[in-house]
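Once you've looked at the hints, dock chains D, C and Y against the given chain E.
Number of protein chains: 4
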Amino acid sequence: MYSFQNDYSEGMQPAILRALETINYHQNHSYGQDIHSDAARDYIQEALEDFSVDIHFIAGGTLTNLTFISHILKPFEAVISAETGHINTHETGAIEATGHKVCPVLTKNGKLTPDLIRPVLDMHENEHWVDPRLVYVSNPTEVGTVYTKEELEDLYAFCKRHDLYFYIDGARLAAALAAKEETHLTFPDLPKLCDAFYIGGTKVGAMFGEALVLVNENFKERFRFNMKQKGAILAKGWFLGVQFEELFKNNLYIEAGAHSIAMMKPIKEAFEKAGIPLLCEAPTNQIFPIFPNALADEINKKYLTTFQCKPDKDHTCLRFCTSWATNENAVKDFVEDFEEMCNRLL
Amino acid sequence: MYSFQNDYSEGMQPAILRALETINYHQNHSYGQDIHSDAARDYIQEALEDFSVDIHFIAGGTLTNLTFISHILKPFEAVISAETGHINTHETGAIEATGHKVCPVLTKNGKLTPDLIRPVLDMHENEHWVDPRLVYVSNPTEVGTVYTKEELEDLYAFCKRHDLYFYIDGARLAAALAAKEETHLTFPDLPKLCDAFYIGGTKVGAMFGEALVLVNENFKERFRFNMKQKGAILAKGWFLGVQFEELFKNNLYIEAGAHSIAMMKPIKEAFEKAGIPLLCEAPTNQIFPIFPNALADEINKKYLTTFQCKPDKDHTCLRFCTSWATNENAVKDFVEDFEEMCNRLL
Amino acid sequence: MYSFQNDYSEGMQPAILRALETINYHQNHSYGQDIHSDAARDYIQEALEDFSVDIHFIAGGTLTNLTFISHILKPFEAVISAETGHINTHETGAIEATGHKVCPVLTKNGKLTPDLIRPVLDMHENEHWVDPRLVYVSNPTEVGTVYTKEELEDLYAFCKRHDLYFYIDGARLAAALAAKEETHLTFPDLPKLCDAFYIGGTKVGAMFGEALVLVNENFKERFRFNMKQKGAILAKGWFLGVQFEELFKNNLYIEAGAHSIAMMKPIKEAFEKAGIPLLCEAPTNQIFPIFPNALADEINKKYLTTFQCKPDKDHTCLRFCTSWATNENAVKDFVEDFEEMCNRLL
Amino acid sequence: MYSFQNDYSEGMQPAILRALETINYHQNHSYGQDIHSDAARDYIQEALEDFSVDIHFIAGGTLTNLTFISHILKPFEAVISAETGHINTHETGAIEATGHKVCPVLTKNGKLTPDLIRPVLDMHENEHWVDPRLVYVSNPTEVGTVYTKEELEDLYAFCKRHDLYFYIDGARLAAALAAKEETHLTFPDLPKLCDAFYIGGTKVGAMFGEALVLVNENFKERFRFNMKQKGAILAKGWFLGVQFEELFKNNLYIEAGAHSIAMMKPIKEAFEKAGIPLLCEAPTNQIFPIFPNALADEINKKYLTTFQCKPDKDHTCLRFCTSWATNENAVKDFVEDFEEMCNRLL
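Residue numbers (my numbering), protein chains in the order written: chain E, 1 to 346; chain D, 1 to 346; chain C, 1 to 346; chain Y, 1 to 346.
FYI, nobody ran anything at the bench for these hints, they're computed from the structure. Incorrect hints may have been included.
Since the list can't tell identical chains apart, any single copy or any two copies may satisfy a pair.
No more than 27 Å apart at the CA atoms, straight line, and that leaves these computed lysine-lysine pairs for DSSO-like [said to hold, decoys possible]: (1) 160 <-> 74; (2) 220 <-> 149; (3) 220 <-> 160; (4) 313 <-> 108; (5) 149 <-> 192; (6) 310 <-> 108; (7) 192 <-> 180; (8) 220 <-> 74; (9) 268 <-> 149; (10) 108 <-> 180; (11) 149 <-> 108; (12) 310 <-> 265; (13) 265 <-> 108; (14) 332 <-> 268; (15) 302 <-> 273.
Just chain E, with the same shape it has in the complex (with noise of 0.2 Å):
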């Protein structure tokens, strides 16, 4: 059963693999202070045209989150974040775990704007009240659209404006880039446009691994010390670096990107055809058609998709998702189905 359920169930790019059989018997220095994450932190700063920039490599997304945040924040400081945000729904309280309240914002399509961040911040007048410090925004977001970088730019001085801090989870940030006609940005915008942010490598044909970006000068010191203490040090960190040595050598980060964009392509075609509504715009490589509950059936018989929600006792939401690695012909493949399927049952 082929799976566009999401963008983690494929292993790693073919040029990873065989960087790992190059480097593999090497004696290397321990705890990401080797070789390979040093370059890996060059290519990276060279791809941001940065190189003031402090880079960590850590093993995923909510470790990211969590030992980033509660590095920077007092204990009486708060995050902002989307309903829909990561780090308010699908990381287990990871946030609060480490003592800081996340104070969610209703939205219609996942992202923030200054006009939705203003009255959380005049609520919150006094010290009855935690204190917001920082705005986290995911780009993409966790249904799909994305912040432009106007939109981004917007966010960003309304923080500096207020004194908060701007952090972008960029779990699936290849596919903002590689969705440039829609957002305008580029690699290089990136530490122009917030505090810090990561560079996601899961969902991009990295085994496991994000890349932390520090811009803030205020962040970076003893960094190192919270990753420890969260468990966010890995022994055999080269393994880390030289997954991102491999993604930004080549530019093969900003091209896996655009391949499961381009995969997507066809299938959003289809789905458009045959009148199937989307949860939002999502020009990225996850979207969220609403099908009839029947034909949803019929398409989690033969493909694997992830349940997103029932808009109506009628109709059912999925999450479709390409990758790195989806097949050309498994996305034929799959369009012939549907329209089959749709010639059967609308």
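Here is chains D, C and Y on its own, set in the frame of chain E:
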């Protein structure tokens, strides 16, 4: 300037002051294991008609809530609260600081219902989400509404069916009991309606102090360890005990609640007569009238109140609070003043 | 049975009781922002001859320590304490519960020195270890010894050289000041000798309450946020303020310390005369005599004391404590009783 | 420069690399619920001859320890560890960051005994102290010593009598099993000797990964919630599973431990022959020889080792470590070099 700002602006009941004078020069056992604390526990058990509950005295409400909640939840368990609930707003993230997420629920009137809780449970489906384990309500709520006995029965039955604990924050419990005509709630009902609750002393004429009542057997073991760790055991604990001794030995507790509501009645009637709407229907000692701005300004020139919100640009919602100490003449004066203001401004 | 068990078994100073009676029926601003708290702050600043310090009143010592320490440390920073330090023993892991390690140092007499701290710093060499950032001492210590002004100067100078903060737990500070002949310590010395300290009220005749004095500018900002989060802001905060107003407006605070030491003197002399050794030389209001078992048993039949330890199987070490309230006649009676017991048993 | 610095400087076992190549292009279920993780769990259960245990794969040792310990302890419960225990030294306060005190015990050789634990229990007598609930040992210990099967039996029996949990950190467990002549310990003994333990993969030729084995039924429920919260569930979890599949399907795990000890043997003999004492008797793959300074300096010119301590000003204690990957010729070369250095310098 007379204050209707809140119910914690005045000192202690005369009976409590006299008790302090009487016992001040005796030697006592420390840390809450003294004869006054024991006597207070006895009086409260008698009032509850339940001799199996454990009772602990703690200096304030936030300290009570955080000590209790951190005691009963596992790290990944969360508490469900109305969005307006005290733990979700005015405790500076105290619950999150002990590691637990508060899952906020939007309500119309500050009150949770099974129908509002059910979708929260449905959404938290697996280990990627926190596990909601406790339902927190305040009675009366933070917007002055009350839960009836029947509503609490429904909530507790729902909680038991879904393996949830049920906890009542009784910062102003005396008012809910005094509003018996609306709530049908008596003191002995309480241990039958929840797993734990606290009896607020501060807002009923104690200097300070809340009595936490643990009903559920699971909560009782080694609770004092958690109290000590959170700084919630007072060295001279008998000063907490003696206050509750006084509040409960002659029914002072309930009378104080009744007085505060009786003092609110003429104020509420004056607002009604003048056509001033309330934010919610609130039968207790705090109400939230919505005034034309000019009238609000005029009131605030002569009386202390608390600003609540701006429902629209022309209106201002203020909190009016009475207490065990509110003076009958002060109320009369206010009503006269208010009528004069209305005549002048409306 | 007369109690020499501790210095928190008796109520409040008469002057404090009278003040409560005087102010009880006034309306006040809540949460510690009232005229009595302000007056108390003024009196303390005058006594300290330092008008730049921030002063916060908190209900108890553990709550003060955990609120202060969690405010100033980053997640991976730790506090160095004598192994016998209150935060390392009798606070049920309160500091660890806020996320910070206490690094215990073995001492001979409960006192830290630069020479004892240096190896701790040497050992904590990189990000695999916590980063010790605060030195915590109690003066007097938990075993009744005291730091002299010169010793505190040395410690603070050492701390500054090593980028460590220095904090003095003054639960019994009045006794250290009253033992001026040994300590050479005066009240105005304190803000020059540390980054923060607290002035214990509970053990000097307050009902409850400690005054935390923040000297270091870094600690001052938004401290009330952390207080509120930890449950350390009392709604009727003026009941804390008024107690310190009384303690400091007529020098009652220092006198109380002096009285407690004066009451200990005859007891200590009686022990000396009988050849009873002390655990440590202790010039304050708590001493730890080591009795032959039979004598300890005999004492405990007639007086309450606290068991400290068994130095060997034939001896028992007890804690004797006097307080602001210890009665001169009770002391005389004890000394007579003790001499009689010695005659009979030794 | 050949490194004897540690046992995590080399990559993965060839068999693991081959397995990665074989499975890389398959689609898998995510979050550790895949066929490779299941197969690895089966192999480990077979090796343990116990099919009732729960097994979870986590990326590193600190993350394993903090996730496990925070899962089983209540807020005021503490863990007893040798002062030299990894959680008390080299994990940057990871356990305290989850709220729990580590009670350190001074030992002669890094090993706990019932006689060393008993005084800790005696001291922690009531709610003013943390409640020690878990005993943590590393086998082998951080100084290279090992617990025998009999010692573990005694400790576990002691723990059960005192209502303590018993947990073995097996970062280098393979070495303790390979040193069977000294330890008499076999793999199937382990679930009978403790409530939980982990099987270290990183130091036996995995890229990364530890297998936590939960024996005690109380620990099993909803453990994955705590894993997710602490960032300890990997999206592509099969990359953990497949490594343990390889380590356990052909006994590779035990063989790796045996190889590391076999490689240490000639080194240890050379030191013995030269009269170089060890810090402790250590039958495993890490030893701590104490060299005259000049000899230590000479060694460090040609080989990487880890500085351990300065027992006195004339001597230097270094850590020597071998691993699954240590090359037989490198060992021979070192022994020759060492003998030459001794001839020259001693």
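Each hint tested on the structure:
no.	hint	result
1	160 <-> 74	both (18 Å within a copy, 23 Å between copies)
2	220 <-> 149	within (25 Å within a copy, 38 Å between copies)
3	220 <-> 160	both (18 Å within a copy, 23 Å between copies)
4	313 <-> 108	both (21 Å within a copy, 25 Å between copies)
5	149 <-> 192	within (10 Å within a copy, 52 Å between copies)
6	310 <-> 108	both (17 Å within a copy, 24 Å between copies)
7	192 <-> 180	within (17 Å within a copy, 59 Å between copies)
8	220 <-> 74	both (15 Å within a copy, 13 Å between copies)
9	268 <-> 149	within (24 Å within a copy, 53 Å between copies)
10	108 <-> 180	within (22 Å within a copy, 43 Å between copies)
11	149 <-> 108	within (19 Å within a copy, 38 Å between copies)
12	310 <-> 265	within (24 Å within a copy, 47 Å between copies)
13	265 <-> 108	within (24 Å within a copy, 43 Å between copies)
14	332 <-> 268	within (12 Å within a copy, 64 Å between copies)
15	302 <-> 273	within (21 Å within a copy, 68 Å between copies)
The earlier numbered hints are all upheld by this structure, with none contradicted.
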